[in-house]
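Place chain X on chain E using the hints.
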Amino acid sequence: MTDPTPTSTSTTWPWIVMAVAGLVTFVASMTVSPDAVQGQLSRIMYVHVPSAWLAYLAFIVTMAASAMYLWKRDLKWDRRAAASAEIGVVFTGMALGLGMIWAKPTWGVWWTWDARLTLTSIMFFIYLGYLALRRTTDDLDVRARRAAILGVLAVVQVPLVHFSVEWWRTLHQPATLLRPEGPEMATSMLVTLLIAVMAFTVMYVAMMFKRIELARLEDAVLIAEQASDGAVAGAAVTTPTIGRGTA
Amino acid sequence: MTSAEQWNWVLLAYGFAYVVLVLFVVSIGVRISRVRARLGDGS
Numbered sequence: 001m002t003d004p005t006p007t008s009t010s011t012t013w014p015w016i017v018m019a020v021a022g023l024v025t026f027v028a029s030m031t032v033s034p035d036a037v038q039g040q041l042s043r044i045m046y047v048h049v050p051s052a053w054l055a056y057l058a059f060i061v062t063m064a065a066s067a068m069y070l071w072k073r074d075l076k077w078d079r080r081a082a083a084s085a086e087i088g089v090v091f092t093g094m095a096l097g098l099g100m101i102w103a104k105p106t107w108g109v110w111w112t113w114d115a116r117l118t119l120t121s122i123m124f125f126i127y128l129g130y131l132a133l134r135r136t137t138d139d140l141d142v143r144a145r146r147a148a149i150l151g152v153l154a155v156v157q158v159p160l161v162h163f164s165v166e167w168w169r170t171l172h173q174p175a176t177l178l179r180p181e182g183p184e185m186a187t188s189m190l191v192t193l194l195i196a197v198m199a200f201t202v203m204y205v206a207m208m209f210k211r212i213e214l215a216r217l218e219d220a221v222l223i224a225e226q227a228s229d230g231a232v233a234g235a236a237v238t239t240p241t242i243g244r245g246t247a
Numbered sequence: 248m249t250s251a252e253q254w255n256w257v258l259l260a261y262g263f264a265y266v267v268l269v270l271f272v273v274s275i276g277v278r279i280s281r282v283r284a285r286l287g288d289g290s
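From first to last, the protein sequence lines are chains E and X.
When the letters of the first sequence are read in order and numbered with our numbering, they come out as residues 1 to 247.
When the letters of the second sequence are read in order and numbered with our numbering, they come out as residues 248 to 290.
Excised from the complex, chain E in its bound form (with noise of 0.2 Å):
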């Protein structure tokens, strides 16, 4: 167990490096030529594959931290497993809610139990337990070793959301960039897609940076409150004195 060690001053860049990634895609996605089948439309496809994109990231890279605190027992991968899953379910619920509204004016229904969207909120409901999971005790270690196994094993719904539009008959459309003949699509259309999945990825590491501070400076604040309730119960179990032959 390594204790955090809180900085004193906090960075201020990854806060401008959102700002500026946030930029970049809205100008990039509301300039490119509409698509000549869906129309506008089309334009939701550059915040809603990055977001999915995102959220197969963020769980990757919990799976990764997870295993790495089983195996180095050191708190600070907890906390790196931890902030990308917060930001992995946030990515997850826009994915989520990105699709419906996309899936409104084109399949004519917010929501259908296809093998994608329905995969996709199993995943999402499965990290917020993990989220959960987390509050369930003030031991930090418990708290990690519970978490790292659930981390590790949740992992697995990366890849059956990812190849569920393969694995079985679905409305959603297949995969539109990582297929294994490549993206298929215009040109334009697919550097669109490229600056705003890369300007999404560098918001994820500006938000990772934040959201581990925020862990480290929890784990800070809960370590003192333990140490402090110790003191307090400490002098309240000292043996109590009763006086002889005063009365």
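Think of the hints as simulated: they come from the structure by calculation, not from any bench.
Being a predicted model, the structure only gives us computed values, none of them experimental.
Idealized CB from N, CA, C, for every residue including glycine.
Certain hints may be false.
[Unchecked claim] Simulated restraints on C-beta separations: (1) Val269/X with Gly108/E: 26 to 36 Å; (2) Ile60/E with Ser274/X: 53 to 63 Å; (3) Lys72/E with Thr249/X: 54 to 64 Å; (4) Leu286/X with Leu171/E: 46 to 56 Å; (5) Arg278/X with Leu70/E: 23 to 33 Å; (6) Glu225/E with Thr249/X: 52 to 62 Å.
[What the hints assert, rightly or not] Here are some chain E residues pointing at chain X (derived, C-beta under 7 Å): (7) Leu41; (8) Ile44; (9) Val47; (10) Leu75; (11) Val90; (12) Met94; (13) Gly97; (14) Pro105; (15) Thr106; (16) Gly108; (17) Val109.
[Stated by the list, open to error] Here are some, though not all, of the chain E residues that point toward chain X, as calculated from beta-carbon distances under 10 Å: (18) Gly22; (19) Phe26; (20) Leu133; (21) Thr137; (22) Lys210; (23) Leu214; (24) Leu217; (25) Ala220; (26) Ala224; (27) Gln226.
Here is chain X on its own, set in the frame of chain E:
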């Protein structure tokens, strides 16, 4: 569906995405500030 109607859906999607992103980033900042304040108080 007209182009204007399609734009409405696009704006709904981007509005949703950026509101979620901004709320999440702000929540990280607020939580960092609160925890730093608690550490500063010595609690």
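Right, here's what the structure says about each hint:
1. In this structure the supplied range 26 to 36 Å holds for valine 269/X paired with glycine 108/E, their Cβ-Cβ distance being about 31 Å.
2. Checked against the hint of 53 to 63 Å, the pair isoleucine 60/E and serine 274/X fails, with Cβ atoms roughly 24 Å apart.
3. Separated by about 58 Å at the C-beta atoms, lysine 72/E and threonine 249/X satisfy the suggested range of 54 to 64 Å.
4. Hint check: leucine 286/X to leucine 171/E, Cβ distance near 50 Å, so the stated range 46 to 56 Å holds.
5. Take arginine 278/X and leucine 70/E: their Cβ atoms lie about 27 Å apart, and the range 23 to 33 Å holds.
6. Look at glutamate 225/E against threonine 249/X: about 59 Å separates their beta carbons, and that is inside 52 to 62 Å.
7. Nearest Cβ of chain X to the Cβ of leucine 41/E: about 5 Å, under the 7 Å cut. The hint holds.
8. Checking isoleucine 44/E against chain X: minimum C-beta separation of about 5 Å stays under 7 Å; hint holds.
9. Using the Cβ-Cβ criterion of 7 Å, the hint placing valine 47/E at the interface with chain X is satisfied: the shortest such distance is roughly 5 Å.
10. Look at leucine 75/E: its Cβ only gets to about 16 Å from chain X, farther than 7 Å, so that hint breaks.
11. The restraint placing valine 90/E at the interface with chain X holds, with a minimum CB-CB distance near 5 Å, inside the 7 Å limit.
12. The beta carbon of methionine 94/E is positioned within 7 Å of a beta carbon in chain X (closest approach about 5 Å), and the interface hint is therefore held.
13. Proximity of glycine 97/E to chain X holds as hinted, the smallest CB-CB distance being about 6 Å (cut-off 7 Å).
14. The beta carbon of proline 105/E comes within 5 Å of a beta carbon in chain X, closer than 7 Å, and the hint placing it at the interface holds.
15. Because the smallest distance between the Cβ of threonine 106/E and any Cβ of chain X comes to about 9 Å, over 7 Å, the interface hint for this residue is violated.
16. Contact between glycine 108/E and chain X, as hinted, is not supported at the beta carbon level, the nearest pair being about 11 Å apart and thus beyond 7 Å.
17. Interface restraint check: valine 109/E against chain X, minimum CB-CB distance 14 Å, threshold 7 Å, status violated.
18. The interface hint given for glycine 22/E is met, as the beta carbon of that residue sits about 6 Å from the closest beta carbon of chain X, less than 10 Å.
19. With its C-beta approaching chain X no nearer than about 7 Å, phenylalanine 26/E sits inside the 10 Å limit, and its interface hint holds.
20. Annotation: interface hint on leucine 133/E violated; nearest CB of chain X at approximately 19 Å, more than 10 Å.
21. Using the Cβ-Cβ criterion of 10 Å, the hint placing threonine 137/E at the interface with chain X is not satisfied: the shortest such distance is roughly 19 Å.
22. At about 5 Å, the closest approach between the beta carbon of lysine 210/E and any beta carbon in chain X falls short of 10 Å, and the interface hint on this residue holds.
23. Evaluation of the leucine 214/E hint against chain X yields a held restraint, the C-beta minimum of about 5 Å falling below 10 Å.
24. Here the hint on leucine 217/E is kept, as its CB sits about 4 Å from the closest CB of chain X, short of 10 Å.
25. Interface restraint check for alanine 220/E: the shortest CB-CB distance to chain X comes to about 6 Å, inside 10 Å, so the restraint holds.
26. Of the supplied interface hints, the one on alanine 224/E holds, with its beta-carbon coming within about 7 Å of a beta-carbon of chain X, less than 10 Å.
27. The restraint placing glutamine 226/E at the interface with chain X is violated, with a minimum CB-CB distance near 12 Å, outside the 10 Å limit.
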